[in-house]
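Each of the two chains sits in its own frame; use the hints to bring them together as a complex.
Chains as they are written, first to last, in the numbering used here: chain Z, 5 to 518; chain X, 106 to 436.
Derived by calculation from the structure, the hints in this document are not laboratory data. Everything numeric in this text was worked out from a predicted model, so none of it was measured. Some clues are possibly wrong.
The calculated DSS-like cross-link candidates involving lysine-lysine, where the alpha carbons are at most 25 Å apart (straight line), are [claimed, not checked]:
| hint | chain 1 | residue 1 | chain 2 | residue 2 |
| --- | --- | --- | --- | --- |
| 1 | X | K177 | Z | K180 |
| 2 | X | K346 | Z | K181 |
| 3 | Z | K171 | Z | K65 |
| 4 | Z | K181 | X | K177 |
| 5 | Z | K171 | Z | K181 |
| 6 | X | K327 | X | K346 |
| 7 | Z | K180 | X | K164 |
| 8 | X | K164 | X | K233 |
| 9 | X | K164 | Z | K127 |
| 10 | X | K164 | Z | K65 |
| 11 | Z | K221 | Z | K234 |
Chain Z stretches covered by chain X per the calculated footprint, using a threshold of three residues with CB under 8 Å from any CB of chain X [stated by the list, open to error]:
| hint | segment |
| --- | --- |
| 12 | 241–247 |
| 13 | 340–350 |
| 14 | 408–421 |
In this text, a Cβ means the ideal position worked out from N, Cα and C, and glycines have one as well.
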Amino acid sequence: MRRRKVRSSRRLLGPMDRRRFVGLCAGSLALAAAGCRRAGDPAYARGNTLVMTVPDANVIKPDWYDLDKLLFPVLAALDDNGELEPRLAQSWERSADNREWTYHLRTDVRWSDGVPVTAHDVKFTLDLLSHPDVAEYSFESVTVLDDYTAKIRAASAYQDDITYFPKHLLERLEPKKYYDWDFWTHPTVSAGPYRFVRHLPETMMEFEANPDYYRGKRKIERVVLKFVGKAGLNELISGNADVVLYADATQIPFVAKDPRFRVYYAAGPVAQAIYWKCDHPLFRDVRVRRALTLAIDRRALLGVVNLPSELPITDGVFTQRQFRRRQFPEPVPYDPEQARALLEAAGWQDRDGDGVRERAGRPFSFTAIVGSVDMQGRDRLAVYVQAMLRRVGVHMNIQLLDTSEARLNTGDFEAVFRNANFNLRRLFGRNNPLGYRNAEVVRLTDQLLATADLEEADRIYQAVTEIFRADLPVTRLIPNISTHFVHRRVQGLSTPFHADPDTYMEDLWLEQQP
Amino acid sequence: MRGYILKRLLQAIPLLIGIATITFFIVHLAPGDPMDMYVERLQERRDVDPRVIEALRQKYGLDQPLPVQYLKWIGNLTRGDLGESFRYRRPVASLIAERIPYTLQLTVLALLLDALFGIALGIYSAVKRYSTSDKVITVGSLVLYSIPGFWLAVMLVLVFSVNLGWLPTSQTRSLDYETLSAAGKFLDRLWHLVLPVFVLGVAGAAGTARYMRNQLLEVLGKEYVVAARARGLPERSVILKHALRNALIPIVTIYGMALPFLLGGAVLIERIFAWPGMGSLAVDAIGARDYPIILATSMIAAVLVVLGNLMADITYSFVDPRVALDAGRQA
Chain Z
5 MRRRKVRSSR RLLGPMDRRR FVGLCAGSLA LAAAGCRRAG DPAYARGNTL VMTVPDANVI
65 KPDWYDLDKL LFPVLAALDD NGELEPRLAQ SWERSADNRE WTYHLRTDVR WSDGVPVTAH
125 DVKFTLDLLS HPDVAEYSFE SVTVLDDYTA KIRAASAYQD DITYFPKHLL ERLEPKKYYD
185 WDFWTHPTVS AGPYRFVRHL PETMMEFEAN PDYYRGKRKI ERVVLKFVGK AGLNELISGN
245 ADVVLYADAT QIPFVAKDPR FRVYYAAGPV AQAIYWKCDH PLFRDVRVRR ALTLAIDRRA
305 LLGVVNLPSE LPITDGVFTQ RQFRRRQFPE PVPYDPEQAR ALLEAAGWQD RDGDGVRERA
365 GRPFSFTAIV GSVDMQGRDR LAVYVQAMLR RVGVHMNIQL LDTSEARLNT GDFEAVFRNA
425 NFNLRRLFGR NNPLGYRNAE VVRLTDQLLA TADLEEADRI YQAVTEIFRA DLPVTRLIPN
485 ISTHFVHRRV QGLSTPFHAD PDTYMEDLWL EQQP
Chain X
106 MRGYILKRLL QAIPLLIGIA TITFFIVHLA PGDPMDMYVE RLQERRDVDP RVIEALRQKY
166 GLDQPLPVQY LKWIGNLTRG DLGESFRYRR PVASLIAERI PYTLQLTVLA LLLDALFGIA
226 LGIYSAVKRY STSDKVITVG SLVLYSIPGF WLAVMLVLVF SVNLGWLPTS QTRSLDYETL
286 SAAGKFLDRL WHLVLPVFVL GVAGAAGTAR YMRNQLLEVL GKEYVVAARA RGLPERSVIL
346 KHALRNALIP IVTIYGMALP FLLGGAVLIE RIFAWPGMGS LAVDAIGARD YPIILATSMI
406 AAVLVVLGNL MADITYSFVD PRVALDAGRQ A
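The shape of chain X in the complex, shown without the other chains (with noise of 0.2 Å):
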């Protein structure tokens, strides 16, 4: 097993090196400076001496041919230098160390909610198939599915928020946090995570829940399911043993995936909830032209695709013992 990690680990490197070489080269491919765009934001509040342009070029290392600009990029992004943003004028990596403790509390929560909610629906589903819970469920989740995110967060915050008055509208905890005790902060910070994981979960628990029904159906028609019950085992084991850990196959592929969701954040829910995550600063990077940020952010999507990759293939192995990792022992 470490050895098959070691492998897909030294494979990971000239991918991400290529990924970072074109990432590098397509953000640089827009004509024009990309200091322009701060500059104008500075012109329209005062005048901007020309000569402060020309600082700034240097100060980032604009005024070098882009070769250089990709040599001293790649060469300290070996170093763990992500650079410095051209619109805050802060350390990218200050700046992205700030958002992902809050981007990590709504996704890790969301993705919980979306896992627990979705699978256990999926199955109770499943199991009750045809019967007026599962008709519900499926409509249900039918329905939830299909609902935009944003809308959804709009209308709860009108309801919850605005005309309610029972969860806070937006932000990340309250004005007079610092006074609360520690139950009182922990309290404060789950009720402000409320309507933003409700919305970014409950679309995803929906989808899962039809793809485990879909998908335990499937493998409780098998022949081993049948066998199963067959030699007279409890049903509760036929399920939760024979048929979930098989159904599970593709919901891990699902998950395994979703790791770039973790750190990439949810733009709309955070715009939406004044959420200080990742997303909202990459997208406002984009805006922005602010390549530092731009960069790495691509960088570690690009990383964390190549991880859960990983993750998935290495649970596949605890998940279906069919799979073995070692080459030479592949099922």
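This is chain Z alone, in the form it adopts within the complex (with noise of 0.2 Å):
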């Protein structure tokens, strides 16, 4: 019966047969043969052409990255020091409220169609953003005194980040249909020190030097945004990229230890962070927080999530422009011995043995939040924080949750894993959801709302870190960086102020190798 099987298949697939599978095989191959007529697209990564993968298609709007900036001018832009420096704008005044700015404007710009860049295109955009359907800002007026110089009036205190776009080219177009206007995928006027080439939907964008830029033309020829999502290490690796913007920091030690290859890291002044509920019972003892502070080994943190270790540790609010100039105090010491003395004179001791402290037959356990969104390795900051914390006798639970800032701003938790970003109104001003009770800090951040000088905003947070600093009502962990995979060949950049290539792309070269 099996014999019989086998010489029916034979029949089945008869020697015709498989000599058309065999042929149909070959063509196969043949026609794959011929796909494989080059390796990825490694001529675009020579020459003065820098090659930059994207996580995201929307490279315009919504304005996640500075890629705009590439394109389309700005007023002003921050230094290193954080101090504002004179772009399309090249000089302004701030009024006695210092709500109120005006910006003279330089009169030799032009958008690449010939059209002069004025007060009216600052006008324009500044609407255009403010409008209900787009919603980006929210000014309370723009007024052209002429048309090279422009007056803003906001309602808080701004620092202006904005892309001023061509007025004559958009005015026409619907603001609600703002973010799916062709002109992001194909600005073809723009007054930035790049200007566009092409676009390929899904793919990539390409832009050449703006020979016409008002600060001159910039060093590196073209520039290729490729589309990649996540696989921006293997276009890397590959050599069919330059840059990996926002990378993912797991890939760190495989990229570091290759020396064609630089990680630069882009710190700013928000950070990984554990939120105390202040009115909790655990955490109402300051000295409590403290110690909780004090044994967590903060610097060690940065080797958890493959960052180096001389980014800056430190404790409190800052602005970014005090974080640049480096005004921020040392961080409260890691200090485990003191913790324990700490949670001793606080009454919490361990009096079974069991590792964990005790207070009138409470064990000093609670459950933290880990926001799970975007998480950035705090997952595994918290289990080594969870392993410092038992070190001193404190037993903390594990809760990842992507509703972490729902729970967050109901006060609904114990103590919460969380991106800092210190939005001091909400999170310390009147009935905060953190329960953190200081009339002081009210005061300063009512104080922070009614101004808008930027040094008197530095002063305010100046004195709510010193205040933070011994309430603790916040655990600083590490900064929050943005990490950037380079070939060396790419010069200009620098951990941790001067990092982002999307931000400082007019500032980069290319090194031309053998």
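As structure tokens, this is what we get:
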């Protein structure tokens, strides 16, 4: 029976069929070979062209990146010391209440179609961004004083970080469809350091240096943005890209050991932090919050998420300017012995020898919610913090939750691991969800609301920092970092303040290699 | 047949309304405001004026009570308006329309690879039962079925893209695509499809081959097959006309249920190959609590499951003459 089946199968797939099958396979291979005419796109990652992988195909709008600055002018830009330096605006004045800024524009800047860039473009852009259908910003008023002077009245302290668009090209378009405008994928008119060359949907955008750029033609001739989602590393090691913008930090060890590449880390005032529920019986005592902070070796945590140990560890709250000027105090030190002593003094002792302290029969055990969206290694930080706290006799449970922001806002938590962007009013003002009550902080946050003066804002933040270092309603862990993998031929970047290739593209150059 | 299809489609309407309602309320059960995530992402770059947040809430109707939001959403849905994404701030229909062609390229080819190779190898393996080639196919298909797709994808990228440089690492076409001839463009697309389609299709093909083999072996032992052989029919005719049609019935069910996969995409493969498909759109939306996209993709999946079932039932009647779709003629 079995022999018959085999024989019959020969009839089913007779010699002619087999030859056809082999022919078909050979044909398929030939087709594949014809397709394999080159390896990736290495030609683009050579010469004076920089190829940068971008996680998202929407590179201009919504403006998650600073890539719009390649094409469109800004009024002023922050330098490495956190000071504003002139760009499209050659000078400016601020009103007495610091809410009104009058900008005097350069008169020699033109859009790439030859039309001058004027105050009308500034007004058009700000009105557009304040339109209810766009709702990116909210300005009280924008007035054109003359063709090259614009007066902007803001509701609160603001620092201009806006790119300006050509009114003559966009004024007839509907704000309702703002994010769907073809202009964002085909920005044919620009006035920035680069100008648009072409766009391949879901694939790439290409720019070339603008020879008429008012700050002079940039050194890199062409910039290609490849939309590769999370596949940037493969593109880099295949030689198809020079820069992986906003890379995955878990890949740092792999890239860091390869001499062809460098890793740049951009830091800012935002940090990974633990928010304590300050009116909770466990955390009401400031000695306890201090002990928990002392028990965490924050410099060691940098290594947990593959970050270099020289990144700043600090406590308190800062503006961008203060952070860039390194105007922040030394952190509360890592001192587990002192942590133990403080816990003892607060009445927490391990009487039953189980490794967890108790007070009045209640063990020192709590649950920390760990925000699971955009974690950036937060889960690993939590595990290490858990182990560090265990060493001083505190038991922390970890609960991963993607609604941690909501739990934080409603006050329904004991401790939360989150990105700390330190919105002072929301988190530490009146009736704040942390249960942190400090009349001086409330007064300072009210004062912050009333000022648009950057110097005064800095002073307020400094005062709040002093209070926070004493009260520790929040324990900052490590700075929030943007990581970029960069081929060594790309020059002009530095960690931590000049590390974002999208922000500083116009300052970069390529080292020509043999 | 037409009456049957119409009846099934009408039956599907309350089912889909039920799915829409349950999905809407489950998605909104999560505490907090979905705008928080958008604003939080913005706040990492700049201070966001509270008035901007309020304007966004109003724009997307998030300031309305949940029942009002539901009625508005279901009303828009019946008009084909899927709403606007919170994350991309663009119409969901546009975002989905951009992704569907890429998803279909990938999934249709993967399904074809799965069906053609899976069924062919399954038949071959069954017909050559216990032969060396059967053993090779059996072991090979078990191995391929067991290998996780993401691991296989990464390994293939390392070997064929990074080390050998034969195939592209990612994306759907080359940077110089526009400069290619029509044939060049076609080949370029194929070139980019080789790895993702292989990875996506090979596990399915391996599974189908195993399933097909077992089904065919079971059918080959049936009396009507023995009778067909006894009547002196050629073996090719016995296998293809008598055994295969019956063995295919369960396979048809599997492919009927594959319809949601065609538009649903494959998240991990899309991620590894930077393929701009529906899978990553949906998963990213879940991470960003982008309700309009989550709801739209859930509804598309629901519609496809309903249609897939219907198509499988219709296909039965072609494959198996005993299956009559009209209730009065049920065999």
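Outcome of the hint check:
{"no.": "1", "hint": "X:K177 <-> Z:K180", "result": "19 Å, holds"}
{"no.": "2", "hint": "X:K346 <-> Z:K181", "result": "57 Å, violated"}
{"no.": "3", "hint": "Z:K171 <-> Z:K65", "result": "17 Å, holds"}
{"no.": "4", "hint": "Z:K181 <-> X:K177", "result": "20 Å, holds"}
{"no.": "5", "hint": "Z:K171 <-> Z:K181", "result": "16 Å, holds"}
{"no.": "6", "hint": "X:K327 <-> X:K346", "result": "14 Å, holds"}
{"no.": "7", "hint": "Z:K180 <-> X:K164", "result": "10 Å, holds"}
{"no.": "8", "hint": "X:K164 <-> X:K233", "result": "65 Å, violated"}
{"no.": "9", "hint": "X:K164 <-> Z:K127", "result": "23 Å, holds"}
{"no.": "10", "hint": "X:K164 <-> Z:K65", "result": "18 Å, holds"}
{"no.": "11", "hint": "Z:K221 <-> Z:K234", "result": "32 Å, violated"}
{"no.": "12", "hint": "241–247", "result": "holds (count 3)"}
{"no.": "13", "hint": "340–350", "result": "violated (count 0)"}
{"no.": "14", "hint": "408–421", "result": "holds (count 5)"}
Hints 2, 8, 11 and 13, counting from the list given before, are not met by this structure.
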